[in-house]
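Q: Now for the letters of each chain:
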Amino acid sequence: QQQVKQSPQSLIVQKGGISIINCAYENTAFDYFPWYQQFPGKGPALLIAIRPDVSEKKEGRFTISFNKSAKQFSLHIMDSQPGDSATYFCAAATGGGNKLTFGTGTQLKVEL
Amino acid sequence: KAGVTQTPRYLIKTRGQQVTLSCSPISGHRSVSWYQQTPGQGLQFLFEYFSETQRNKGNFPGRFSGRQFSNSRSEMNVSTLELGDSALYLCASSLGTFGETQYFGPGTRLLVL
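Residue numbers (the working numbering), protein chains in the order written: chain A, 1 to 112; chain B, 1001 to 1113.
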């Protein structure tokens, strides 16, 4: 049972554009929602995370928007750069936050 | 501060064999989690150890087991390997409290022939 659905599977954005990745969850007990970035040959690295008592969180060019009633959250990458080309995973967790349920990933390519 | 290290980085085994993977967490981190990453199933949680005790467990068969030592280093073992066990096995460490960032290692790529 897939508890976190992520879309799109792949995304091509022009340099300077906005990349948007969406996730939806089913388990209302989730209370921690991180986004991870993974480059080939590397492990995932935390980008930004949010808790459900906040509707938006921004860190640099990365913003998470969270809609608790719709059980959806999204990652926006502003001014996308070729160096942002990677696979992005949303995730969710309950309680201690160390049992992460991941989305299926989005392969982002930023073209010049 | 050194990151999460995993050994070995690559491993080739045959069906029926068993394998042990090792993870050394960031200094001071007491929680170690293991994940399996495959193209078909994505990233799936295996288990988490905190202070030498298994604190969380995913939905994997009993062939997958782990342990944690007093210095927080962790090992995971897979017995009676199957072809479907071919995957990237990732270890992540954290302080272990709510919302603390999990830092992932580079993974061990296991190929079962």
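No lab work stands behind these hints: they were computed from the structure. Treat each hint with caution, since some may be false.
The calculated lysine-lysine pairs, modelled on DSBU-like cross-linking and capped at a C-alpha distance of 30 Å, are [as the list claims (entries may be wrong)]:
{"#": "1", "chain 1": "A", "residue 1": "Lys5", "chain 2": "B", "residue 2": "Lys1013"}
{"#": "2", "chain 1": "A", "residue 1": "Lys15", "chain 2": "A", "residue 2": "Lys5"}
{"#": "3", "chain 1": "A", "residue 1": "Lys42", "chain 2": "A", "residue 2": "Lys99"}
{"#": "4", "chain 1": "A", "residue 1": "Lys57", "chain 2": "A", "residue 2": "Lys5"}
{"#": "5", "chain 1": "A", "residue 1": "Lys58", "chain 2": "A", "residue 2": "Lys42"}
{"#": "6", "chain 1": "A", "residue 1": "Lys42", "chain 2": "B", "residue 2": "Lys1057"}
{"#": "7", "chain 1": "A", "residue 1": "Lys99", "chain 2": "A", "residue 2": "Lys57"}
{"#": "8", "chain 1": "A", "residue 1": "Lys109", "chain 2": "A", "residue 2": "Lys68"}
{"#": "9", "chain 1": "B", "residue 1": "Lys1057", "chain 2": "A", "residue 2": "Lys99"}
{"#": "10", "chain 1": "B", "residue 1": "Lys1013", "chain 2": "A", "residue 2": "Lys15"}
{"#": "11", "chain 1": "B", "residue 1": "Lys1013", "chain 2": "A", "residue 2": "Lys68"}
{"#": "12", "chain 1": "A", "residue 1": "Lys71", "chain 2": "B", "residue 2": "Lys1013"}
{"#": "13", "chain 1": "A", "residue 1": "Lys71", "chain 2": "A", "residue 2": "Lys109"}
{"#": "14", "chain 1": "A", "residue 1": "Lys71", "chain 2": "A", "residue 2": "Lys5"}
{"#": "15", "chain 1": "B", "residue 1": "Lys1013", "chain 2": "A", "residue 2": "Lys58"}
{"#": "16", "chain 1": "A", "residue 1": "Lys99", "chain 2": "A", "residue 2": "Lys15"}
{"#": "17", "chain 1": "A", "residue 1": "Lys58", "chain 2": "A", "residue 2": "Lys15"}
{"#": "18", "chain 1": "A", "residue 1": "Lys15", "chain 2": "A", "residue 2": "Lys42"}
{"#": "19", "chain 1": "A", "residue 1": "Lys57", "chain 2": "A", "residue 2": "Lys15"}
{"#": "20", "chain 1": "A", "residue 1": "Lys68", "chain 2": "A", "residue 2": "Lys58"}
{"#": "21", "chain 1": "A", "residue 1": "Lys58", "chain 2": "A", "residue 2": "Lys5"}
Listed next, with one range per pair, are the computed distances between beta-carbon atoms [what the hints assert, rightly or not]:
{"#": "22", "chain 1": "B", "residue 1": "Phe1069", "chain 2": "A", "residue 2": "Pro82", "range": "39 to 47 Å"}
{"#": "23", "chain 1": "B", "residue 1": "Thr1080", "chain 2": "A", "residue 2": "Asp79", "range": "47 to 55 Å"}
{"#": "24", "chain 1": "B", "residue 1": "Gly1084", "chain 2": "A", "residue 2": "Gln3", "range": "32 to 40 Å"}
{"#": "25", "chain 1": "A", "residue 1": "Thr28", "chain 2": "B", "residue 2": "Thr1101", "range": "43 to 51 Å"}
{"#": "26", "chain 1": "B", "residue 1": "Arg1015", "chain 2": "A", "residue 2": "Thr94", "range": "18 to 26 Å"}
{"#": "27", "chain 1": "A", "residue 1": "Gln72", "chain 2": "B", "residue 2": "Glu1100", "range": "20 to 28 Å"}
{"#": "28", "chain 1": "A", "residue 1": "Glu56", "chain 2": "B", "residue 2": "Thr1080", "range": "31 to 39 Å"}
{"#": "29", "chain 1": "A", "residue 1": "Phe39", "chain 2": "B", "residue 2": "Gly1099", "range": "20 to 28 Å"}
{"#": "30", "chain 1": "B", "residue 1": "Ser1086", "chain 2": "A", "residue 2": "Thr87", "range": "37 to 45 Å"}
{"#": "31", "chain 1": "A", "residue 1": "Glu59", "chain 2": "B", "residue 2": "Arg1030", "range": "24 to 32 Å"}
{"#": "32", "chain 1": "A", "residue 1": "Gln14", "chain 2": "B", "residue 2": "Thr1020", "range": "28 to 36 Å"}
Treat the numbers as computed from the prediction; the structure is a model and nothing was measured. Backbone N, C-alpha and C define an ideal beta-carbon position, used for all residues, glycine too.
Q: Which of the listed hints are broken here?
A: 1, 10, 11, 12, 15, 16, 24, 25, 26, 28, 30 and 32
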